[in-house]
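*Asks:* Here's the letter readout for the chains.
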Amino acid sequence: MFISKHIVMPAILFGIMVLLSAYVIVTSNREHGALQPAKIESPNDSCCIPPPVTDVRGELSVYQDSSLWTDQNGKVKVLASFSGKVVILSMFYSHCAISCPLIINDMKKVEQKISTGNRAKVVFVLVTIDPSRDTPSVLRALSKKQNLDINRWSLLVGNEDAVQTLAGLLGVSFIKKENGDFDHSNQITILNRNGEISYKHFGAGSSVDDIVAAVDSISVGL
Amino acid sequence: MRVQIKSFIKSVIIVQVLLTVSVEVFAYPKKIHQANGLIYIPSGFYHPLRKVEGRNVRMRSFYIKEGFVTNQEFLEFVKANPEWRRSRIKRIFADRSYLINWENDTTLNSGTGRQVDPSAPVAFVSWFAAKAYCHWKGVELPSFDELQYAIEILGKRTSKRCMNAASSLRQNNRPWEWVEDINSFGVALQQSDSQSEVSSPLCAGAAVEFNNISDYELLRRFSYLSSIKPYYCEPNLSFRWIIKILR
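Sequence lines, in order, name chains X and E. Per this note's numbering, the first sequence starts with residue 1, numbered consecutively. Per this note's numbering, the second sequence starts with residue 1, numbered consecutively.
Just so you know, not all the hints are guaranteed correct.
Claimed, not checked - Straight-line alpha carbon distances no greater than 16 Å define the calculated EDC-like cross-link-like pairs of lysine to aspartate or glutamate that follow:
1. X:Lys77 <-> X:Asp65
2. E:Lys90 <-> X:Asp65
3. X:Lys176 <-> X:Asp161
4. X:Lys109 <-> X:Glu160
5. E:Lys90 <-> E:Glu66
6. X:Lys109 <-> X:Asp216
7. X:Lys177 <-> X:Asp216
8. X:Lys85 <-> X:Glu196
9. X:Lys121 <-> X:Glu59
10. X:Lys108 <-> X:Asp209
11. E:Lys160 <-> E:Glu66
12. E:Lys79 <-> E:Asp95
13. X:Lys176 <-> E:Asp181
14. E:Lys137 <-> E:Asp95
15. X:Lys177 <-> E:Asp145
16. X:Lys85 <-> X:Asp209
17. X:Lys176 <-> E:Glu66
18. X:Lys108 <-> X:Asp149
19. E:Lys160 <-> E:Asp181
20. X:Lys176 <-> X:Glu160
21. X:Lys109 <-> X:Asp209
22. E:Lys229 <-> E:Asp105
23. X:Lys177 <-> E:Asp181
24. E:Lys244 <-> X:Asp161
25. E:Lys90 <-> X:Asp149
26. X:Lys113 <-> X:Glu196
27. E:Lys79 <-> E:Asp181
28. E:Lys90 <-> X:Asp216
29. E:Lys137 <-> X:Asp216
30. E:Lys244 <-> X:Glu59
Said to hold, decoys possible - Between beta-carbon pairs, the in silico distance windows are:
31. X:Ala22 <-> E:Lys10: 34 to 42 Å
32. E:Lys244 <-> X:Thr116: 37 to 45 Å
33. X:Asn159 <-> E:His47: 25 to 33 Å
34. X:Asn194 <-> E:His47: 30 to 38 Å
Claimed, not checked - Incomplete in silico selection of chain E near chain X, CB under 8 Å:
35. Leu19
36. Arg91
37. Ile92
38. Cys162
39. Ser184
40. Tyr216
None of these hints come from the bench; they were simulated from the model. Backbone N, C-alpha and C define an ideal beta-carbon position, used for all residues, glycine too.
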C-alpha cells in the first residue's frame with residue numbers, strides 16, 4: 001500500500017499525542033479517589049516514627065488515640081508519650097492575637113504556683129489548631145519568644161484529622177474563618193497520668209487557682 | 001511541503017488538545033460516578049449558613065456518596081479492624097449504644113428477633129467510628145457546608161438519581177448524619193461578651209452571624225449537630241462520605 005511521505009511524520013506525532021493524552025487521562029483518573037480500603041498505617045512503616053505505646057491504661061484515656069504529633073524540635077510522638085505525668089494542655093494557634101497569649105500566660109502562672117515537688121510531675125502541652133501555618137519551626141520560635149522551659153513544655157503540630165480527633169476528645173470547639181484565623185473555645189484541660197480528663201478550666205486571663213488546686217490534688221501520690 | 005506539514009501538525013495538536021480536554025471534563029466524572037454510586041458536585045459559590053466574613057465562599061468540587069454507609073459496608077470495616085468492634089471499642093470513642101442493634105461484633109442478625117437490614121443506613125455509630133471508617137476507605141466525612149452545598153446543587157437537577165440523592169440528604173424522615181467539622185458548632189452557641197471577651201469561654205473575633213435563617217431544614221440540621229457530642233451513638237444518626245477533588 002502506498003503511504004505518502006507527507007503523512008508519515010504527522011501520523012507519528014498524532015500517535016504520540018494519543019499515547020500522551022491517554023497516559024494523562026489514566027493517571028488523573030487514579031487521582032479521583034482511592035476507593036479501595038487504604039492500608040492501615042503501621043507505625044513501623046516509617047523509619048522515624050516511634051512504636052506505639054502499648055501500655056495505655058483506661059478506656060477513657062485520651063492516649064487511646066494514636067495520632068502522630070511533631071513537637072517544636074521536630075520529634076515525632078504520640079500523646080501517650082506523656083503517660084505518667086500530669087498534663088496541662090490547651091489548643092491554640094500562633095496567630096491568635098489576644099486569648100491564646102493569655103492562656104499561655106495562665107499556664108505559666110500555674111507552672112509557678114504549683115508546689116515545687118509537684119512541678120516535676122507536670123508537663124505543659126500546647127497543640128495547634130492551625131497546622132498549615134504553625135510548623136515546628138514556628139512553634140520553636142514561639143517557644144523561645146515565650147521563654148518556655150523546654151524540659152516541661154511541648155508544642156505540638158499534627159494533621160487536620162489528628163487535630164479534629166483531639167478536639168472531639170477534649171470537647172474543644174473551633175472554626176476556621178475565611179481570613180485563616182480561628183474562633184475557638186478557651187479551655188485548659190488537665191489529664192491525669194493515665195491520660196484521662198481530670199479537669200477543665202474555661203476562660204483566659206482569669207484566676208488559675210482552680211487549676212493549681214486540681215493539679216496538686218491529683219499529683220499527690222504520684 | 002514544509003508549510004503543509006506545519007499546518008497539518010498544528011491542526012493535529014489542536015484536535016488532540018480539544019479531545020483531551022473534553023474527555024477530561026465531560027466523560028470522567030460521569031464514568032466514575034456511575035461505577036461507584038457517587039455523584040459529582042462541581043465547584044462553585046455558596047452562601048454558608050455561618051457567615052463569618054460576609055461573602056460567598058468558593059466550594060471546591062467533590063464526589064458525594066449517593067446514600068448512607070450501610071450496615072453491610074460497616075460490617076466489612078469492623079471485620080477488618082477488630083479494635084472498632086462492639087466488644088472491643090474504647091469507651092472514649094463511642095458510648096454504650098455503639099452498634100447495639102447488631103447481633104454481635106461481626107454479625108448483623110441471628111435469625112430471630114428484630115432484623116437489621118444490611119442495606120439500611122448504619123446507625124449507632126459515633127463520629128470517631130465514622131471517621132475511622134472513612135480513614136480506612138481513603139475518603140472523608142463531608143463538612144456541614146459541603147453537605148448543604150451538595151443539597152443545593154442536587155436540588156437544581158432533575159435526574160432521578162440526583163433527586164433520590166437530594167432526598168436522601170434532606171431531613172424528611174431520614175437519619176441525621178455526621179459531619180467532619182462536628183467541633184465547630186460550639187463556637188456559635190457560646191456568645192463572646194465584648195466587655196470581658198478574654199475571660200469568656202470563647203475567643204471570637206466577631207460574633208458569628210447567620211445567613212438564610214428562613215431555611216428551616218438547614219437550621220434544624222444546625223441545631224441537631226450543635227446538640228450532639230462526637231462519642232454519641234444514636235438510632236437515627238448515620239453518615240456518608242465524600243471524595244474531595246484536589247485539583
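*Asks:* Against chain X, is Ile92 of chain E within 8 Å by beta-carbon distance?
*Replies:* holds, 5 Å
*Asks:* Using the beta carbons of Asn159 of chain X and His47 of chain E, state whether their distance is inside 25 to 33 Å or not.
*Replies:* For His47 of chain E against Asn159 of chain X, whose Cβ atoms are near 29 Å apart, the range 25 to 33 Å holds.
*Asks:* Does the closest beta carbon of chain X sit nearer than 8 Å to the beta carbon of Arg91 of chain E?
*Replies:* This hint holds: Arg91 of chain E lies near chain X, its Cβ roughly 4 Å from the closest one there, short of 8 Å.
*Asks:* Close enough to count: is the Cβ of Ser184 of chain E nearer than 8 Å to one in chain X?
*Replies:* At 4 Å from the nearest chain X Cβ, Ser184 of chain E passes the 8 Å test, so the hint holds.
*Asks:* Does Asp65 of chain X sit within 16 Å of Lys77 of chain X, going by the straight-line distance between their CA atoms?
*Replies:* Between Lys77 of chain X and Asp65 of chain X the Cα gap is close to 12 Å, so the pair holds against 16 Å.
*Asks:* Between the alpha carbons of Lys177 of chain X and Asp145 of chain E, is the straight-line distance 16 Å or under?
*Replies:* Status holds; Cα separation ~13 Å.
*Asks:* Verify the proposed pairing of Lys79 of chain E with Asp95 of chain E, using a straight-line Cα cut of 16 Å.
*Replies:* Violated, because 20 Å separates the two Cα atoms, which is more than 16 Å.
*Asks:* For the pair supplied as a hint, Lys109 of chain X and Asp209 of chain X, is the alpha-carbon distance within the 16 Å limit?
*Replies:* Holds, at about 9 Å.
*Asks:* Hey, Lys229 of chain E versus Asp105 of chain E, does the alpha-carbon distance stay inside 16 Å?
*Replies:* violated, 23 Å
*Asks:* Verify the proposed pairing of Lys90 of chain E with Asp65 of chain X, using a straight-line Cα cut of 16 Å.
*Replies:* holds, 10 Å
*Asks:* Check the hint pairing Lys244 of chain E with Glu59 of chain X against an upper bound of 16 Å on the C-alpha distance.
*Replies:* Violated. Lys244 of chain E to Glu59 of chain X sits at ~33 Å, over the 16 Å cutoff.
*Asks:* Take a quick look at whether Lys137 of chain E and Asp216 of chain X sit within 16 Å of each other, Cα to Cα.
*Replies:* violated, 44 Å
In terms of the numbered hints stated before, the structure departs from hints 4, 5, 7, 9, 12, 14, 16, 17, 19, 22, 25, 26, 27, 28, 29, 30, 31, 32, 34, 38, 40, listed from lowest to highest.
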